[in-house]
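From first to last, the protein sequence lines are chains E and B. Numbering-wise (the numbering used here), the first sequence opens with residue 115 and increments by one. Numbering-wise (the numbering used here), the second sequence opens with residue 80 and increments by one.
The hints are simulated quantities; they were obtained by calculation from the structure and are not laboratory data. Check before you lean on any hint, since a few could be wrong.
Unchecked claim - Only pairs whose alpha carbons sit at most 30 Å apart, straight line, appear in this in silico DSBU-like list of lysine-lysine:
hint	chain 1	residue 1	chain 2	residue 2
1	E	K522	B	K253
2	B	K201	E	K503
3	E	K230	B	K367
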Amino acid sequence: MEAELVLASSPTDAGISCWDLRSGTEHLRFRSCSSPAHGLTSVAGRFLASSQLRDSKSSSGSIFYWSWNKPQPEVKSFPAEPINALASNCEGTYIVGGSVSGEIYLWEVATGRLLKRWHAHYRAVTCLVFSDDQFLLISGAEDGSVRVWSLLMIFDDQRREEAKYLYEYSFSEHTLKVTDVAAGYGGCNAIIVSSSEDRTCKVWSLSRGKLLRNIVFPSIIDAVVLDPGEHVFYAGGRDGNIYIAALNAQVNSSSNYGFHIIGSLSEHNKAITCLGLSMDGYLLVSGSEDGMVRVWDTRTRNIFRVFRHAKGPVNNVLVIRQPSHCNPRTSMNFQAFSSRRHVLPSPLEKYSYSHDDNIDTKACINCQTYNNIADVPNISFQTMQNQIKELQQQGSSAATEMEMERLKLECKRSMQMVQQWKKMYENLHQFCVSELLDGNEHESASRHNM
Amino acid sequence: MAASNHIPGMYGGALKPQLLRSLLREYIPDEKHSFRNPSDLSHVVSAVKTHRLLWEWAPSSTDQKLSDGWKSAVDAWVNRVSALASSSMPDKSWAGICLLGLTSQECSSERFLASYSEWFNKILSHMQPPSDSHFVRVASCASMSDLFTRLGGFPNAKKDGNSQASKLIQPVLKLLNEDSSDAFWEEAISLLCTLTNVFPASVSRHYDSVESSIFSKFMSENCPVSIFKKLAHGLALLPKSRGDEDSWSLMMQKVLIFINNQLNVMFQGLEEEARSSEVVRLLLPPGKDPPPPLGGLTASAKNSDQAMKRPEQVLVSRVSTLMTCCCTMLTDAYPVQVSVPVRSLVALVKRVLMVDGSFSQSSPFMTAMRQDLICLELPELHRCSLELLSSIVKGLRSQLLPHVADITRLLTEYFRTCALPELRIKVYSIMKVLLMSMGIGIAIYLIQEVISNALLDLDPHGRESGGSYSAARSKTLQDALQQCFQRKRKHPTSAESVGDQSAKGGLEVETSQNMTAISVRIAALEALEALLSVAGAMRSDGWRSNIDRLLITVATNACKVGWADNNSTVVYGEATPIWADFQLAALRALLASLLSPGRVRPPHLAQGLELFHRGSRESGTKISEYCCHALLTLEVLIHPRALPFIDLQSAVDHYGSASLNLPDVHFADHRKNTSFHFSTLGKEPSQPESGDDDLYERWLANGDETDVNDLGKYTSSDKKPSGTSTHPALEKLPHGGSPSERNKREGGEFGESMAVAADKVPVDGDEIMVDLPTPESYKQTEERDHIEGRMLVATAGGHTATESDGLVSGSATSADGHTDFVVAAGKDVSSSASKRNTMVTEQRRGAGLVLEINDDTSMDSLPDIVDGDPDSD
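Assemble the whole structure, with the sequences as input and the hints as a guide.
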């Protein structure tokens, strides 16, 4: 099974901890990070990015990048205002940040350019997620609204002017601050689950833009995570329970918590602030205000592992696939490749400069596909076949030329042969003649003797 | 002794040396014997490849004798081949070189590493002297390139390989510049490409001269069009030899400027000046120096005047070849990030696509004859620029986002005028790629365009081919749209007649359609398939039913004439789409239409199933393969599943015995380690709530539940007082009560109830949506909810209460295990209540009210009313 990492960060300056989910070994701890909730993201597994909580005096915000092998933040950017929520699409092309004033910023990672900035909410943006096809952005805010943005629309100046609203949907049924949003699979038929301080979680249909289900919880829910099969979703409450709410699952009427809530996981004494799920959906990772990160087996509902992050509260956990170069076994092969690739990109710009409209997209062309030399076809066989065909048909000049050359050489050799034979014949002749003469002489001599 | 031993067959390693020796003896010429037949050689090569005779690998257990024998056999082989290669007879040295190429692919690594440099020199000697025949030189290029491909697989040999390879560049370039045969140029370019791929450092030293050689070959008069493609490929690969950002960008810029200049010449008088200058402006922002011309200054100066002399056809094939070069650059992997001039690429594509061959009379450059010549070649240019566009989409993926709007606008604009089948296919395929890669976001843009064009191309009434495309198009489109809206307002019964009619009309036309039309229709079907799979439920009110109907009609018609066998195409080699491909495409689109989520149950499910069933019987064909897959997929639609989250009972055994990849270790840990166990509200972890197979239970309880369930449905969707008389109609849909319909987010149950209702009363779904949420009906409905709630409580309690007496008494008495029944009914009540809750919720949203039944301590609670924001949409 592919190794997965658990990352945790907190609002106090406790850095980012990093553990292997299954073996439990701790990896490098990244320093100088005090992140707001939903402010930590892994940019396509290439590096880590986190927005930073700063003292209220400074007007600008800050976003730090860490590469996987260095504890200190390597790139620091200072956007125009403090950023709360941070997200990047799965290819790592764009980073979006939601600010305290309700603006959403969209940067291109490779160049750091601020491509778009738009006023999304009346109050601070609390969470941002990409839909499963990466072309819709879903934002939740303190004003209680959840909005769905089509990135294509954001970039299409012409349509934007025609359209009444910039957003595709705006869900405003939550009465208080939206604390978390999760989006499911299924393209246009996906669902969105949002949690709020009004003690409800709401399930929305993306295709129709409607509320599908409203679930009232015994406590405020600060984090939601969807089971990959969307059988249930998990909701982390401020009372320290992780509630399991049914999506497709069967609902028992005997639940003590409320309709649609089919159970809970509880161990934390303090509020659950964030949740994550392993790729197979069986291990649930929860971060709590007591500074612990707990891993649950969702099948047995038991705790599988406990990590200690810090004394202070944890407010972000991420479960990500282990980056290839983190693994010592594979890093050797990729060294040449990665040394060039893992230079961190330039910092994010503060303002968008309208005059550089002409700057080209900095693109990574198929960096992911790794050329395998074994795939290169052997051409000599093919060439030989063609040539044989040519020879057999004797049509082409090249074939004729070769044939002619061959015949020439053969002719030459035959001539040599002839010469040789001639010579041999002559020799033999000579020999015979001399022999004959000698014999005659001999004969006559012997006769003479007699 | 040998006779008593077992003599190994062809799988035993022992036989291989023997086989090799016999090949050597029988077929390979030597100094004395000459060739009997050149085809012997290909026999030898395939025999060696099939049996891996040069592999020299034996499992370690086998004896030393075998490996020695094999080694000596291969030694003999190598000696013979080397001798042949250095023979003075051209045919023998040709054979030797071919076999040397084979040997360098097939021999063991040790042998290769030991002797590659010797082989290299042997082959190189044949490439240099002018005395050798072309034939031998072509073979040496091919063998050389195989040798380097193999060498590239050894990381330790990198350095040596590079130095050897750089020795090769000069001779190859020299040969390339000489006049020679086409075949030779082709091989020389392939060799250069191989070197660039495998040993980039060797080529980078000669970067400029390689570029200029390729370019001057490309521009030279005697260069045949057939090797243009190879040359462009070589040019596209060239930046890889340096592997940095600048060389890539520079090459791209040079190529684009060159293309643009050529287009300037060609399009004189056919377009406004502004178009050309726009591309230039984007390529070269003011104040920036232009790069040196492609191929270097001298090469381009030499060629510039003769370049223009050649006929249009060659000009066009040059431009299109360079566009292919751009495609390769965009889609081939490149080691570093590069900045892609997306805007200028798109502008260039736009420039070409906007030229349709018409010109203003006032233009001084244009004559009718030139126009003819250009128009003959335009489709090829359009094809290449569409290809370029599709490469942009493929190469940049999500990075294209800021430019997608421009591209879709360009595509839709072009699609309106584009009439040539080949080009339409291309546009469809680009749209398909866009839909697949960008999902819902792009679907919102493209729905209209894909649908209207597909309606046109798939129109079963047929159309006259040729010129009147746009006229036919607008007419058909209007008809289609009109029909669509009329049908919406009328009853769905009209669908049948339309289907019949088109089926009748369609068959005659289709049999007479030619091949190109089929391929366009295949492309249209593929685009529809992509659209349905990405955005079937998106804003689907207007178009879904129409498209569903179209697809079932197309599929039925396609399959009516019997099943074509698509294996027959192989004989002709050429991959022309044939009837079987069309059938397959139709079936694929049909499956997408059946599976794609909609508001109602797929209306043509039965017909579709029948088609797939018939198709699956055509065993051995692609169609049957696909039909089997379709039936498997549709099975879930027929028997919706709500399987338990985890089957704990069997899970323990299963993971314990068969060590799958699942983390069974943790699992075992946890079952032992009870100290960590925190029971959740009296529930043992071994009995999670969802642990039972409720599907099975539901099947058992089926007879009981339909009454209650269907009653709930019926009343909630139709306000007529329900009675037992409705049951026969409802029982036609046995899956009506199956569990996964509780899946609220699909809105499936609403559609379900509509479908049920539609059986009785011909009402369309939209009307229900309009009808129910009116404020007048609200109170009434609430009251009914209330009553029903009570009724259901009564059922759950196991009493036969008066209200529900007539409806559920039958089931109550028939249940022999009384408690079982109560449980089943209780579940059922909760599910139907929740179902109703959702429906009501959806219906009331228009009125700004959200109903919420807090249904925990059963159904006696009244629905909560939560205020929602009215202007939320």
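To see whether the hints hold, each was checked on the structure:
{"no.": "1", "hint": "E:K522 x B:K253", "verdict": "holds, 28 Å"}
{"no.": "2", "hint": "B:K201 x E:K503", "verdict": "holds, 25 Å"}
{"no.": "3", "hint": "E:K230 x B:K367", "verdict": "holds, 27 Å"}
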